[in-house]
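4 protein chains.
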Amino acid sequence: MKTVGIIGASGYSGEILVELLAGHPKAKLAVVASRTHAGKRVDSILSRLSGLTGDLEFTKANPKALAKEEVDIWFLALPHGVAAEYALPLVEAGRLVIDLSADFRLNSDETYTTYYGQKHPVAEWLQKVPYVLPEFTQPGWKKADLIACPGCYPTSILLPLLPLVREKLLTGEGIIVNALSGVSGAGKKESVFYSFCERTDSVLAYGLGQHRHLSEIEEQLGMAARQAVQVQFTPHLVPMMRGIASTIVAPFEGAVDEIYASWEKAYGKKQGIRLLPSGTAPDTRDVLGRNRADFSGYVDSRTGNLIITSAIDNLMKGASGQAVQIMNLRMGWPEFAGLV
Amino acid sequence: MKTVGIIGASGYSGEILVELLAGHPKAKLAVVASRTHAGKRVDSILSRLSGLTGDLEFTKANPKALAKEEVDIWFLALPHGVAAEYALPLVEAGRLVIDLSADFRLNSDETYTTYYGQKHPVAEWLQKVPYVLPEFTQPGWKKADLIACPGCYPTSILLPLLPLVREKLLTGEGIIVNALSGVSGAGKKESVFYSFCERTDSVLAYGLGQHRHLSEIEEQLGMAARQAVQVQFTPHLVPMMRGIASTIVAPFEGAVDEIYASWEKAYGKKQGIRLLPSGTAPDTRDVLGRNRADFSGYVDSRTGNLIITSAIDNLMKGASGQAVQIMNLRMGWPEFAGLV
Amino acid sequence: MKTVGIIGASGYSGEILVELLAGHPKAKLAVVASRTHAGKRVDSILSRLSGLTGDLEFTKANPKALAKEEVDIWFLALPHGVAAEYALPLVEAGRLVIDLSADFRLNSDETYTTYYGQKHPVAEWLQKVPYVLPEFTQPGWKKADLIACPGCYPTSILLPLLPLVREKLLTGEGIIVNALSGVSGAGKKESVFYSFCERTDSVLAYGLGQHRHLSEIEEQLGMAARQAVQVQFTPHLVPMMRGIASTIVAPFEGAVDEIYASWEKAYGKKQGIRLLPSGTAPDTRDVLGRNRADFSGYVDSRTGNLIITSAIDNLMKGASGQAVQIMNLRMGWPEFAGLV
Amino acid sequence: MKTVGIIGASGYSGEILVELLAGHPKAKLAVVASRTHAGKRVDSILSRLSGLTGDLEFTKANPKALAKEEVDIWFLALPHGVAAEYALPLVEAGRLVIDLSADFRLNSDETYTTYYGQKHPVAEWLQKVPYVLPEFTQPGWKKADLIACPGCYPTSILLPLLPLVREKLLTGEGIIVNALSGVSGAGKKESVFYSFCERTDSVLAYGLGQHRHLSEIEEQLGMAARQAVQVQFTPHLVPMMRGIASTIVAPFEGAVDEIYASWEKAYGKKQGIRLLPSGTAPDTRDVLGRNRADFSGYVDSRTGNLIITSAIDNLMKGASGQAVQIMNLRMGWPEFAGLV
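Chains as they are written, first to last, in full-length UniProt numbering: chain W, 1 to 340; chain F, 1 to 340; chain S, 1 to 340; chain B, 1 to 340.
Chain W extracted, bound-state conformation:
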C-alpha cells in the first residue's frame, strides 16, 4: 500500500482522480491539496464523491509543505505553468510525481515557448521527463520520478497514429485531424461562453491552426517517424460533457489489413485499446467512464485515403484514468488496478 496525494482536485479531471484513487486497491489517498478550497471537506466541493473520501479535507497547496507530507506518489492536476512549480520540490524530496498538465509534455523548449506563449521555467527538465502513452512508450520510462501524462486530444490521435508512422505505413504527410470534444475538456469555467445556454445546441470549431495540443501531437509523431511530421488539427466543441471523437484522414495506398496488422503488433491484447472492425466507427458513449481508446481504420480506395476514427473519454483515458494506469505500471501493479 502506497500513499498518494493530488494537488489541484477541484476541476473535472481532479474529481475523477480523487474518485479513482479513493477506490484504488493498492493506493491510499492521503492528501488532496487545493489552491482555493483548503480547509473544506473534499466531499463538500466534490459532492458526487460523498462517502468515498471520508473526512478528508483539502490541504493548502504549498509546494514546500507538501514536499514534507508522507506521500509516496503525487498527481498534479494543475494548469500548465503552475505544475512545474510543484513538481520539482516534490521530485527533489524523493517523491514520484505524475503530472497531468502540459508542463513536461514537450521535449523542445522552443516549441513550448511558441505554443504556450511563455518561457519554460525549467527548460532543462524538458528532455529528461518522459511523455508516457502506456500502450506505446518504450518501457525505459518506468524508472522516472517525474512523468508527463499526454493531453486528451493527443491520446485519441496518437494511439492509432504512432505505430503507423513508426512503421512508415503513413509517410507523415497530409495528415488531417478533426476532433470533437465534450465541454469538460475546457475545465470548470466561470464564463458565459461555457454556460449551458450557450453550449447547448451549439457546435463550433476553435483554435484554428494553433491549438496547444498540436505541439505535442507533432512532436510525438515526429519522434516515432524519425522525421518531422505536420498535422492539420482542428478541434471542435460539441454539446456533451465528456468524450472526444477524432477523425483522422491520411493518404494511404495500401490495404486496410496492413493497418490492422500494425495495430495488432503494437497493441496486441492491451486492455486500454479496442480495435473496431473496418467500416464501423467508435461512439464516445461506449468509452464513457472507461480507460480505453476505441478506434478503427477504413481505406477509401476511391480517394486513396485512410480514415481513422477514434474515441476516448477525455477525463479517463484522456486524463485521470491514464494517469492512474501510468502509476500502476510504474509501481509494478496490475495495469488496470482501480480502473475499468
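Some hints here could point you the wrong way.
The list cannot tell twin chains apart, which means a pair is met if one copy fits it or any two copies do.
As the list claims (entries may be wrong) - Here are the computed lysine-lysine pairs in the BS3-like style, where the Cα-Cα straight-line distance is at most 25 Å:
#1 40 <-> 60
#2 40 <-> 269
#3 142 <-> 188
#4 168 <-> 60
#5 40 <-> 64
#6 143 <-> 64
The hints are simulated quantities; they were obtained by calculation from the structure and are not laboratory data.
Given the coordinates of chain W, assemble chains F, S and B onto it according to the supplied hints.
Relative to the frame of chain W, chains F, S and B by itself:
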C-alpha cells in the same frame, strides 16, 4: 397570392415547411398531404404549430388526386424514391414543383444508381431538372417547373467551395470534409439508435466514404470546376437537434484575401450568406431558425492548407428555408419573403 | 408605424425582443441601449440576429439621454432595481414604457421589500402601474403609460389558476405548484453553477419556499379571489435552454367540466391560450418559439385533487412575446402582430 | 465466491447490472440470458462494457434450462408479467432470485390487477415475497429466496417518507409528490416519442393520477403508517439520461429538527443515504453512478408544509445498484461490495 401545398409534412423539414408557408405573405397554404395522417388536423400531429394552420387537415397523398387540387406550387418533403412518383403528375398538370428529396439532385443516372442502390424511375428527367443553390446557381433555373433542392450537408459545403473551385483558387484535389450534424438530419425515426438515451453524450462518425450526399457534392463541384473533383467526406452525429457544422480542409498556397475576394464577388450582399472574419469559426447556435449559411476561411501558412468552417440550420438553409427561398425567387417575390 | 426602443438587450429575453421587434409590421426598432455594449453593432453581440438589425448599434444606456430619443415605445429588459431608474424619466417624457423587470409587478411595497430585500425606490408608483396578463387583465390597463409584464413562472401558473380562483372553483387553499424551468430563466450568467458541465444531466429544486415570483403569484391570485391566497411554490432547474412546465395540485371536489367551462368562459378563442384535453399534459417542446400557454386539467377523483399541467416558452409567453403582445393591444394593433 | 446470472440484460438497468456484477469482488458473473441476443457476445451488444465480460455470450432465456445452470443467485431484469415466469422455476430449483421487475412488489393481488391491467399469474406468492428497501426494511427478509426490488420512483420517495409516516410525524394525508425522471426510466425504446429529437428541449408530465409506481408507494407507506395513505403522484420526463429528482410536499406543523431526528434514527450512518442540510436541495448530478439517495427537508412555516427534495440515479439506487446491495446483505457480504 398563390396557393401552395406540401406532400409529406410529418417529418422535421415538413413541419418547418408548414410553419414557413403558413406565415408566408404571398402564399396561402391550401393542402397538406400525408401518407400516414390523412383526415387528422395538421396541428394534432404538428402540435407546436397549433393556431397557425387553422382547421387544415391532412389530405390523402394520392398523386393523381393531388394533381387536380387547385394548388399552384407543390413542395415535396418525401423520401427519395417516393418523390419522383409525385413530381411528374404534378408537373404534367402544370404545377410548379419544388422537391426537397434527393430524387432529382443528380445529373448522372449512373451516380444515382451507385449511391442510392436502385435504378432511377425516370432517369431521362435527371438532366432537365435544375439543382438550385439560390445564391450560386445561374438564373436560367427560374423557368423550371420542377426544381431540386440541395441536401443539408451539401448546402453547408458547396456554398463556400463552389466559387473557389470555379475560379480555380482550389484545384479540386485533396479536399477533406468533416461535417457534424444534429440528429434531426436523420428524420423522425422509430429506432433505438436514434433514441434520446443513445444519442445523448454520444458523438460518432458514420457512412465512411459512402454517404449519399457525397454524390451531390462531387457532381456540383465537378460542374463548377469543369473537371472531376473528389472529396473525402466524413459525416458525424452530434447530440443536438438542429444544425450542421462543416470543416473543410484543402491545399491552398495563396493568401486568405483571395478566398474572401472570391466569396465577396460570388455572394456580395446576399442575405443568405454571412462571411465571418478569418480566424473565427461559425457556431451552429447562431444560425438556428435562420435561412443563412455562416462561413469563414483561414489559411494555415505552416501547413499550406485552407480551412473553411461553415454552419447552417439543417432544417432551414439546409432544407425548408432554402425551399421557400427558391419559391420566392422563382415567383419573382422578395427573396426572403416569409423567411428570416 | 411607431418607433420602439429596448434598454438592456444583451440577455436572452432582450435578444428575443430585438428579434421580434426587428420583424414587427407596425413598429420600427430605432434604439437598442445597453449598459455594457454601447458603440458595438447589435449583431456583433446578438450574432444569431445578423441581417435583422442592419447597421444598428447599441446606444449608451443613459436614462436622461434616452428620454430625448424619438422613440414612442420603450421596452425595459433590465434587472429589477435598475428598471425603475429608467422607467420614470421615460414616462415623464411622455413615452409608453413596457417593463419586463419585476420592479412594478407588485402592488404592495411591503411584499416588495420582503421578497427583494430592499426598499422600492418609488413605492408610490406600485399601485398605479398595471400588471398585465393580456388574456386575463381587465381592459382598463390599456390607457397606462407604464405597464408591468408578468414573470415567466407566474405566467405559466396564473393563466390557468386565475379564472378558477375568481369563480371560487378553487378555494385558494392547499395550492401546491412545482415548476420546471430551462436554464435561460436564470439569464446569461458567468458562473460555474450555470456552466454546461454542471447543468447537463442535472435536475434540482431551488429557492425553497421563497422564490421571488411567489410574491407575484400570491398577490395576483389574492386579487382575483378577493382574499389572501397562499401557494407552496417549488421551482426546479432542468437541462434545457428554454421552456417552463408547471404542475399545479389543488383540492377540488367537482367535475373537470367545470374547470374547462371556466377556462372557456375566460379565454374563449384567445390565440395565446391552448386548452389540451383532460388527461393529457402539455410538452414544453410544443410551445418553443410560440407566444402561447398550453394547459390542461385533470381531476383525480380518488384523491380529490385537480391537477393542472401548463407549459410556456419562458422567453416568449413568459417574457418578450408577451411584452410585444401587450404593446400590440395597448396600441390597438392586431394582438399577434409580429408574433406566432 | 458465488456464481451469479442475469436474465434480461439488454436494457439500461441490465447493462448496469452486468457492469456491477462483472466487477464484484464476491460474485462471478457466469450467465447472462437474453430473449433477443442469445448466441452473441455480451460486449457486442453492451459495447461500453467491452473488456469486462471476457468472452461471455448471451444464453437463451429458457426458464427450465436456466434452472439447471450452476448459478447461485439470479437477477431478473425483465418486464413485469415476464419476470414471474422465470422466478418460480429458479426458486424451486433452490436458487436465490432477486427480481428487479414489478411482479412481486405488491402485496395486494387486487392492486396489482388495477394498476397492471391483468391478473397476477401467481397471486398466492405476492404476500410471501419481501419488498426490500435495504436501509428501511426489517431484517426478516434476509432469509427469503425471492426478493422484490423497489421501483425507481418509489425508492426516491419512500426512503425519506417511510420513517416519517411510521413515526406519525406525517399523518399520511395531503402528500403531494412531483417527480422528474431521466429518459432511461422508460427503458430502451424503439419509438418516435423517445427519440432524441422529441425528448431534447422537452419537459412534460405523464401518467396523471395513475402511474404504476403509485401502487407500490401507497402500499409501502400504508404498511409503515399502519393505515391507508394516499399520495398525489405526478411523474415528469426531463431531458437527461439518468437521474430522478422527487419533490414531496406534506402538511407538517412541527420543527424541521424532528424530521432530521427521525431520519437520523432510521438511517444513522447508512452509506446509501446522504442527508443534506435543510434549505438545500440535492442535485441528480451528485448521485450519478452512486448507489445513494440524497435528500433534505425544509419546513415552510408560512404555509405549514414540509418540503422534501430527493435525488437518486434511477439505474443505480433506483434499480441495479440497489439490487446488488440487496444481494450483498442477503449473503452477509459487506453492504457496498462492488458498489460506490
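Structure-based check of each hint:
Taking CA atoms no more than 25 Å apart as the test, residue 40 paired with residue 60 passes inside one copy only; the shortest distance there is 10 Å, against 44 Å between copies. Taking the shortest Cα distances, residue 40 and residue 269 sit within 25 Å of each other only across copies (21 Å), while inside one copy they are farther apart (43 Å). With identical chains, the CA atoms of residue 142 and residue 188 are never at most 25 Å apart, being 32 Å at best within one copy and 45 Å at best between copies. In this homomeric assembly, residue 168 and residue 60 never come within 25 Å of each other (Cα to Cα): the closest approach is 49 Å inside a single copy and 47 Å across copies.
In this assembly of identical chains, residue 40 and residue 64 lie within 25 Å of each other by CA distance solely inside one copy; the values are 21 Å within and 49 Å between copies. Taking CA atoms no more than 25 Å apart as the test, residue 143 paired with residue 64 passes inside one copy only; the shortest distance there is 24 Å, against 57 Å between copies.
When held up to the earlier numbered hints, the structure conflicts with 3, 4 and fits the remainder.
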